[in-house]
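**Student:** In case you want the letters, here they are:
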Amino acid sequence: DAGVIQSPRHEVTEMGQEVTLRCKPISGHNSLFWYRQTMMRGLELLIYFNNNVPIDDSGMPEDRFSAKMPNASFSTLKIQPSEPRDSAVYFCASIDRGGEQYFGPGTRLTVT
Amino acid sequence: AQSVTQPDIHITVSEGASLELRCNYSYGATPYLFWYVQSPGQGLQLLLKYFSGDTLVQGIKGFEAEFKRSQSSFNLRKPSVHWSDAAEYFCAVTYTGGGNKLTFGTGTQLKVEL
Chain A
1 DAGVIQSPRH EVTEMGQEVT LRCKPISGHN SLFWYRQTMM RGLELLIYFN
51 NNVPIDDSGM PEDRFSAKMP NASFSTLKIQ PSEPRDSAVY FCASIDRGGE
101 QYFGPGTRLT VT
Chain B
1 AQSVTQPDIH ITVSEGASLE LRCNYSYGAT PYLFWYVQSP GQGLQLLLKY
51 FSGDTLVQGI KGFEAEFKRS QSSFNLRKPS VHWSDAAEYF CAVTYTGGGN
101 KLTFGTGTQL KVEL
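Protein chains in written order, with our numbering: chain A, 1 to 112; chain B, 1 to 114.
Worth flagging that the hints you see were computed from the coordinates, not collected in a lab.
Treat the hints loosely; a few may be bogus.
Unchecked claim - Derived pair list, reagent style BS3-like, types lysine-lysine, alpha-carbon separation capped at 27 Å:
1) B:K49 to B:K111
2) A:K78 to A:K68
3) B:K68 to B:K101
4) B:K111 to B:K61
5) A:K24 to B:K49
6) A:K78 to B:K101
7) A:K68 to B:K101
8) B:K101 to A:K24
9) B:K49 to B:K68
10) B:K61 to B:K49
Between the sequences and the hints, there should be enough to build the whole structure, so can you do that?
**Tutor:** As structure tokens, then:
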């Protein structure tokens, strides 16, 4: 198995631009999580889905952030418009039936 | 609300020395506990987990952790550290009915001196 796949691995954009991060979970995993990691705030859960349905989005910082999971094999996290304080590493993770979360390699976002 | 405390932000040990990383959690229900490792530029990898049963759990790369309910702790140990163990280590907790939603500690950065 290829594991959790995230794209792009690195994204540099200018303030005000729209950013879309993508995630492909491991096949057969029915829950997906989006995290953000920064030096100041550590690892924060933004949102998670069960069976493609958003369950808890209380970690989404603002209306500028949105996430979708149109099917079991794909999810997106969108930031519109982006701001410099959104610069972080964004991780996607999926979970197996044993409760283990498998993390993707992350997308390093830099907003200038 | 559940929380996880990793009191040591940075730890430095010599290669071959023993290691213990501390983790304390706070939640009334039975916790499910995890240790993850993150190498620079990488995602998080699961080292070990505790759900129930034997309170001493073995993980990958020679790591082990002991669940102590009386101390609300789940400390990670390794008898002999290798230079390749240098990384950041995260303790995490969830609980029955938590929807697999993990709460992470702030992490401990491990440096290994040769």
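**Student:** All the hints need checking, so say for each whether the structure fits it.
**Tutor:** Against the structure, the hints:
Using a Cα cut-off of 27 Å, the hinted pair K49 (chain B) and K111 (chain B) holds, with the two alpha carbons roughly 23 Å apart. A distance of roughly 9 Å separates the Cα atoms of K78 (chain A) and K68 (chain A); the hinted pair therefore holds under the 27 Å criterion. For the hint pairing K68 (chain B) with K101 (chain B), the CA-to-CA distance comes to about 22 Å; that is within 27 Å, so the pair holds. Between K111 (chain B) and K61 (chain B) the alpha-carbon distance is near 16 Å, which keeps this suggested pair within the 27 Å criterion.
Restraint check: the Cα-Cα separation between K24 (chain A) and K49 (chain B) comes to about 24 Å, which is no more than 27 Å; the hinted pair holds. Distance restraint check for K78 (chain A) and K101 (chain B): the Cα-Cα separation of roughly 21 Å lies within the 27 Å cut-off, and the hinted pair is therefore satisfied. For the hint linking K68 (chain A) to K101 (chain B), the alpha-carbon distance of about 18 Å falls within 27 Å, and the restraint holds. For the given pair, K101 (chain B) sits about 19 Å from K24 (chain A) by alpha-carbon distance, which is consistent with the 27 Å threshold.
Between K49 (chain B) and K68 (chain B), the direct Cα distance comes to roughly 14 Å. Compliance with the 27 Å bound is thereby established for this hinted pair. Restraint check: the Cα-Cα separation between K61 (chain B) and K49 (chain B) comes to about 14 Å, which is no more than 27 Å; the hinted pair holds.
The structure is consistent with each of the numbered hints, conforming to all of them.
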